[in-house]
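S.K.: Just need the whole structure built from these sequences, with the hints factored in.
Taken in order, these protein sequences are the chains called V and W.
If you count by the working numbering, then the first sequence holds residues 6 to 145, one letter each, in order.
If you count by the working numbering, then the second sequence holds residues 45 to 459, one letter each, in order.
These are computed hints drawn from the structure, not numbers from a lab.
Ideal Cβ positions, reconstructed from N, Cα and C, are used throughout, including at glycine.
Just to be clear, a hint being listed does not mean it is correct.
Covered stretches of chain V (chain W as the covering partner; in silico rule of three or more C-beta atoms under 8 Å from a C-beta of chain W) [to be verified]:
id: 1; region: 17 to 30
id: 2; region: 73 to 83
id: 3; region: 105 to 113
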Amino acid sequence: MNTQAQQEIIEEFALFDDWMDKYEHLIGLGKSLPLISDQYKTDEFLIKGCQSKVWLRADQKEGRVYYSADSDAIITKGIVSVLIRAFSGLSAQDIVKAPTDFIKEIGLSDHLSPTRANGLVSMIKQMKLYATAFAAQNNA
Amino acid sequence: MCKSDLTCRPMGFSIDNIRADFPILHRQVNGKPLVYFDNAATSQKPQQVIDALVHYYSHQNANIHRGVHALSQEATDAYEAARDLIQSFFNAKHREEIILTSGTTHSINLVAHGYRSLLSQGDEIIVGQAEHHSNIVPWQMACDLTGAILRVLPMDQNGQLKLDDFQNLLNTKTKLVVVNQVSNALGTINPIKTIIDLAHKQGARVLIDGAQASSHIKVDVHALDVDYYTTSAHKMCGPTGVGMLYGKKELLEALPAYQGGGEMIKEVYFEGTTYAGLPHKFEAGTPNIAGGIAFGAAIKYLNSIGLDAIAKHEDELLQYATAGLKDIDDLIIYGDVPDKTAVISFNINGLHPYDVGTLLDQMGIAVRTGQHCAQPVMDFYGIPGTVRASFAFYNTKEEIDLLISGVRRAVSMLL
Ligand SMILES: Cc1ncc(COP(=O)(O)O)c(C=O)c1O
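M.R.: See the structure below:
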């Protein structure tokens, strides 16, 4: 089952019937993504396997996980901002369990193949890894 | 009409006829007609080459060099005929100087592996700054094992090797110089004849990585007096998984064997084995028979158009595209020099190459983005990568118009 945020994203992207509109939207999202401060743009937060650089970090506050990210490429920033909206604010447990089918439904699945240079797969993996770590901490 | 494959000569350059030979050029990508500008990564294949693969598997499939039966003989003849075509294409003196490999990477590793036994502590190898990783890493491995030292021949801001520095780098310890003929990241052509002559004066050997050159520039290994020359069929309209190492006969004879196995031996006893002569000494195991035969078909195809006609058309495309792209504000071309093949490596100030490439892909235009397996070049310019458009003789000015308007459109979306 999609989360509520995922459902909203699907509906939002359904409005575009043309690739240009969709990418313009992604670019807009990329430009408005809140930046993470430069102190986090280090190797520790860098996701490997992307042609563009992506830095991603996560915090847990009051039982919910919040992500922030940045990238040197705008489209990648747009993609990561969609992912953040889909997962941020959920509990670590829910993020671990959350499906990722919505990526296909919004027509970004051509970015999904693991060999695709933009590393969408690596980003999702990293988000889930953070959530898994928080979940383990919470249980300990 | 061509009487024999070896004397087959150009019949005039007709872009429509040429494009008709390439089935893939007629497909769509992302709902748009494909504009294929990633030729430096791999070229497309004409029907003649595809047919050669199908013909072999449909009618001739047998293992070669070992059967007494007719089919094996036929397959062997077809495979060895390809070697002859390659020999004459590169003007090697002897057919056994042509080693069929799986590609440039394999060819370079074969030589570098042999050099593990020929290098000693303190010996030096000079490597160009703009090499593909496959012409860097095998040498690093050889140096690690032997204590030899890798010296970098620097390039200038335009991607041209600094020949003055080369003279200074060369010394009595220099055993080998390894550079590409054409840089895959920039398309710049290196003055390999000068490099070879200077190196020889010092008694050093030279390996030229010709992967980016051999389908664009007429190469005469004999006239160049080059010691080793490598290329990949897939960049020359041939299939993937097959390529060539040319080496001077006396050098290949002295070079230790690479892989051991069948085909490469004369006699095997548990007490010791004697190796087969060239070229088989370096061709262990069942080779890519279909690929080798189709490599021959690719060479025939290139000959039928003619490298001169190919170079002329590609140069027109290069000039046309360079002028059009330069009109775009803040567009920087790396390696913008007169001596280059039809490759344009560029960035638009402030835009990530990945963003530009992604949008072009949506328009059906295939370019390469990133480091192009040449990280030292990107580090030199201090950039994450470039957008690389590389043209082939089957591309057209109309396609370049689409590239230029596509880049403009991408810029307006991204800025
Ligand atoms: C200059 C150069 N050298 C070596 C290679 C490696 O060729 P292959 O992958 O066919 O072995 C390439 C291919 O990209 C190249 O462009």
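S.K.: Count the residues of the region 17 to 30 of chain V with a beta-carbon closer than 8 Å to any beta-carbon of chain W: does the count reach three?
M.R.: Three-residue rule met by the region 17 to 30 of chain V, so holds; n is 4.
S.K.: Can you confirm whether chain W covers the region 105 to 113 of chain V, using C-beta to C-beta distances below 8 Å and requiring at least three such residues?
M.R.: violated (count 0)
S.K.: Using a Cβ cutoff of 8 Å, are there at least 3 residues of the region 73 to 83 of chain V near chain W, or does the coverage claim fail?
M.R.: holds (count 5)
Hint compliance for this structure: hint 3 alone is broken.
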